[in-house]
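There are 2 protein chains.
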Amino acid sequence: MRSRIGDTTPNDPVAPDSAIATPPSQLPERTRSAIAAVVGAGNVLEEPRERLERSGGLSYLDLLRRRQPTAGIPTPDGVVLPGSPKQVQQVLDVCVEHDVGVVPFGGGTSVVGGVTAFRGDKKAVIVLDLERLNRLVSVDPISRTAVLQAGVRAPDAERMLSAHGFTLGHVPQSFERATIGGFAATRSAGQASSGYGRFEDMVTGVRLATPRGEWELGVAPASAAGPDLRQLAIGSEGTLGVITEVAVRVRPLPDSEHFEAVAVDGWERGSGLVRELAQQGLLADITRLSDVDETAVQLQLAGTWKTSALRRYLSARGVDSPCLLVLSWHGESADRRKKAMRLLRSGGGVWLTSAPARAWLRGRFGGPRQRDALLDAGVCVETLETATHWSKLGTLYDRVRTALRRELGHPLIMCHVSHAYETGASLYFTVLTPRDPEDPIGQWERAKAAACEAISADRVGTISHHHAVGMDHAPYLTAEIGELGRDVLAAAKRAVDPTGILNPGKLIG
Amino acid sequence: MRSRIGDTTPNDPVAPDSAIATPPSQLPERTRSAIAAVVGAGNVLEEPRERLERSGGLSYLDLLRRRQPTAGIPTPDGVVLPGSPKQVQQVLDVCVEHDVGVVPFGGGTSVVGGVTAFRGDKKAVIVLDLERLNRLVSVDPISRTAVLQAGVRAPDAERMLSAHGFTLGHVPQSFERATIGGFAATRSAGQASSGYGRFEDMVTGVRLATPRGEWELGVAPASAAGPDLRQLAIGSEGTLGVITEVAVRVRPLPDSEHFEAVAVDGWERGSGLVRELAQQGLLADITRLSDVDETAVQLQLAGTWKTSALRRYLSARGVDSPCLLVLSWHGESADRRKKAMRLLRSGGGVWLTSAPARAWLRGRFGGPRQRDALLDAGVCVETLETATHWSKLGTLYDRVRTALRRELGHPLIMCHVSHAYETGASLYFTVLTPRDPEDPIGQWERAKAAACEAISADRVGTISHHHAVGMDHAPYLTAEIGELGRDVLAAAKRAVDPTGILNPGKLIG
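Line by line, the protein sequences give chains E and L. For the first sequence, counting from 1, position 462 maps to 462 in UniProt numbering; every step adds exactly one. For the second sequence, counting from 1, position 100 maps to 100 in UniProt numbering; every step adds exactly one.
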């Protein structure tokens, strides 16, 4: 790593919570007791530690700010743990009456400032932590749907559904912590999106608590009863309501999983092959192509083969700039696999055994944890992502890398396609560079802004394929959906949240 | 037919246009000339015939009203034919300034009052006929997308795309007349939706003209940049803007098409088998199951086999209540076909040769034409449709039939599933009964209301799976999307159309 990005200055260790000056809670006593009357006094937390823990998400800047006690972290004035959708509604009613801001909180894994305890024009803001909404409400095995409460974490959802023989198949990198409600609120996409779809494709219904009362959407798999308002609730990031229950499509647990890894020569050919798989209906349930730089790191970390030997092996087979393609098929897949592998071989792909795929699988939730060690070592490390149509993918890839290099000098930029569609694909970048000890926050803020501008210019890509908008992407949303789009979202918000208590400052800023 | 529904009283013939008293145009002269300055005087039509032709859609009541000159048809005050998206915007700007209502008009095939020239609170209303927006704007063969102007009719879209080797694959019953813009505005679903998806699944971008200026949506196949506003524009039925261009996903023209027909024993078993096909990923591109009554009529009309001989043949194979399942696969399909047919055989399905499937295919756009002959003969004939999850499909089927029988006595009710999903399916009903000569309009209005109430009660089904809302379903929309949903749509409308000139009275009433 050092040889690739240069020397770093070890970072400050994580500040102990006690070192962070937590501002005193501004929650008025009468508000606190009105909320306590709904959820019970034990479910209103005001300890600094509880409030700090839910003060933001897991972006690089979130982590950095927690290491710099002086930086001033927006801290909620209280944490409320409602026990049911009805209690969520009642707490909202109290917050409307008392004009207190509400930040809905699931796994707290936002990397775009989606759960920052920003108070906007409110004197106080609470975090509504949905962890007690942890039930599988119902399973309909005939329709293959299930209703889950919003606070159910992904592993618990899988555990509860598997008792009925079903899986959701939604496995984003945030899997270990993230919740069903968070997936819906942010239009999440999991690593197996090629097989199971994006989260919005799985949702058949949504139940929300709003300042104007409960709102239930979705009575059929598809409808022509006007615009699909489910698709307005999904991705609303807590600004149009607190999602309390989600009805999802489930599938039978696959009886087997099959892995392959293939090396292809160069990014252009590699992404071309993924395009062919997508357009011929041959994507594996997980289909993930790394560029040359990411491949080099992955093969090194996988450690199965000595990298130099592998390079010679691949070079002898015409693959001089290896790009790793990881594939995973769920359930009976012999036919599909055969066709996909034939297509890849005819495109010059070289089979690598399943070892690199299994290595990726083992480490696939580890990214967030590795980050802490890298931060300790003084590395600026962050990810960002976008998507576009196939004909613009090369342009988007080049523009983002150029922008990051312009701001950061010689960073290590790794990229992969992990979500492919017939008409286009996502690009997921991981950036590593020595931390600027003088201005670490400004360093990344400038790089991130440059990348966002490169994505937004000429509407070449979407500002987010699956991380959502939060506060970080809000300045770029208008370029994508237009002033009219922003006005429509603002009007929708006023209709359900006239006093603006819901997740201040997010999505539309 | 007569033996099934009883005697009818032949209807009045179609009234000649001259017999219909067309109210004089209320379009102020200065408005007319301002519009003419944009589109040219030859593209502003005020002849009674032109106005009458675009006074409504093709529902049974639309047809009936045209046979009863006294019934008072809402007639537009002028028909405007813009030649480009820019001209559409300029005409809207004039209409905002002059406070004139605008009804966007494509193929005019709405069966729910979606293009009724209702003026709401406006003194005048024009029909904006998009027939001159008939161009294929661009094709992106790499991304497999194409941009089509809104007024392109479906057959022309297929013809223009086929020159590039592509197809849209969107084939609703309105195919011969309906337009790309209309498909998007109404969330259309074609007969091959199992293979090609619903129209909203094909749309990657939309361009609209609105009273507040142009609005463009969609930069990537998928995005987490907030709610998917494309899904707000799609299904907005001309109330949030005039769709002028649609970017769609296209697919290579299939090199072959393969048909099968299978008879299964009874509706319950038949819908169960379609469910299994859907949940195992084995749906044919067209998958269409008729109930016992529809099957009897279809087999009679197909005329390939004598019905009595066929009944004996099926009965000997355990199929006493035959339900016809028509299947069509596009392109290379041997694997899929083999699996699907195996599943059907193991469920008691009896292969019928491809003849009934081919017969259905020949007649599949004929329904609207047959209706005129039936109307002449004094038959009340109309269709209605809905959708729900699999576990409620039987309940929905029973409730709608019971409601129609309660109102109509002994109608012939035929039903089919033509759109199946993993979690549910649509139900499409065709109703025939002797026309009540005293009150033919009231007769159907009461039956339709009873059916809509049966669908809406307990939110058991959606008020429309692919016909849209228009004016006819507007009273039932709140039951489906809630007061909040209606308020959100109204707020969105105010944001883009502050003075309410767009398609008065539609969708949210």
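These are computed hints drawn from the structure, not numbers from a lab. Some hints could be false.
Listed next, the in silico SDA-like pairs over lysine to any residue satisfying Cα-Cα at most 25 Å (straight line) [as the list claims (entries may be wrong)]: (1) L:Lys338 to E:Arg132; (2) E:Lys86 to L:Glu483; (3) E:Lys338 to E:Gln300; (4) L:Lys122 to L:Arg135; (5) E:Lys86 to L:Val460; (6) L:Lys339 to E:His258; (7) L:Lys339 to L:Val460; (8) E:Lys339 to L:Arg30; (9) E:Lys86 to L:Arg251; (10) L:Lys338 to E:Leu314; (11) L:Lys338 to E:Asp335; (12) L:Lys123 to L:Leu45; (13) E:Lys338 to L:Arg251; (14) E:Lys339 to E:Asp458; (15) E:Lys338 to L:Glu332; (16) E:Lys339 to L:Leu45; (17) L:Lys338 to E:Arg30; (18) L:Lys338 to E:Gln280; (19) L:Lys122 to L:Arg251; (20) L:Lys339 to E:Met341; (21) E:Lys338 to L:Asp255; (22) E:Lys339 to L:Pro28; (23) L:Lys86 to L:Pro28; (24) E:Lys86 to E:Gly6; (25) L:Lys339 to E:His330; (26) E:Lys339 to L:Arg486; (27) E:Lys339 to L:Asp487; (28) E:Lys338 to E:Ile413; (29) L:Lys339 to E:Leu314; (30) L:Lys338 to E:Pro254; (31) E:Lys86 to L:Ser346.
We went through each hint and held it up to the structure:
1. L:Lys338 to E:Arg132: violated (48 Å)
2. E:Lys86 to L:Glu483: The given pair, whose Cα atoms are some 18 Å apart, holds under the 25 Å limit.
3. E:Lys338 to E:Gln300: violated (28 Å)
4. L:Lys122 to L:Arg135: Violated. Lys122 (chain L) to Arg135 (chain L) sits at ~32 Å, over the 25 Å cutoff.
5. E:Lys86 to L:Val460: holds (23 Å)
6. L:Lys339 to E:His258: holds (21 Å)
7. L:Lys339 to L:Val460: violated (32 Å)
8. E:Lys339 to L:Arg30: violated (66 Å)
9. E:Lys86 to L:Arg251: Violated, at about 47 Å.
10. L:Lys338 to E:Leu314: Given that 25 Å is the threshold and the Cα spacing comes to 39 Å, the pair is violated.
11. L:Lys338 to E:Asp335: holds (13 Å)
12. L:Lys123 to L:Leu45: holds (18 Å)
13. E:Lys338 to L:Arg251: Holds - the C-alpha atoms of Arg251 (chain L) and Lys338 (chain E) are around 23 Å apart, at most 25 Å.
14. E:Lys339 to E:Asp458: Since the Cα atoms of Lys339 (chain E) and Asp458 (chain E) sit roughly 37 Å apart, the hinted pair is violated (cutoff 25 Å).
15. E:Lys338 to L:Glu332: holds (16 Å)
16. E:Lys339 to L:Leu45: The given pair, whose Cα atoms are some 57 Å apart, is violated under the 25 Å limit.
17. L:Lys338 to E:Arg30: Violated, because 69 Å separates the two Cα atoms, which is more than 25 Å.
18. L:Lys338 to E:Gln280: Roughly 19 Å between the alpha carbons, so the hint for Lys338 (chain L) and Gln280 (chain E) holds.
19. L:Lys122 to L:Arg251: Violated, because 43 Å separates the two Cα atoms, which is more than 25 Å.
20. L:Lys339 to E:Met341: holds (22 Å)
21. E:Lys338 to L:Asp255: holds (22 Å)
22. E:Lys339 to L:Pro28: Violated, at roughly 65 Å.
23. L:Lys86 to L:Pro28: Holds, because 23 Å separates the two Cα atoms, which is no more than 25 Å.
24. E:Lys86 to E:Gly6: violated (55 Å)
25. L:Lys339 to E:His330: holds (18 Å)
26. E:Lys339 to L:Arg486: violated (48 Å)
27. E:Lys339 to L:Asp487: violated (50 Å)
28. E:Lys338 to E:Ile413: Not OK: Lys338 (chain E) and Ile413 (chain E) at ~33 Å, beyond 25 Å, violated.
29. L:Lys339 to E:Leu314: With a Cα-Cα distance of about 39 Å, the restraint between Lys339 (chain L) and Leu314 (chain E) is violated, given a limit of 25 Å.
30. L:Lys338 to E:Pro254: Roughly 22 Å separates the two Cα atoms, so the pair holds.
31. E:Lys86 to L:Ser346: This hinted pair is violated, its Cα atoms lying about 47 Å apart.
Going through the hint list in order, the structure does not satisfy hints 1, 3, 4, 7, 8, 9, 10, 14, 16, 17, 19, 22, 24, 26, 27, 28, 29 and 31.
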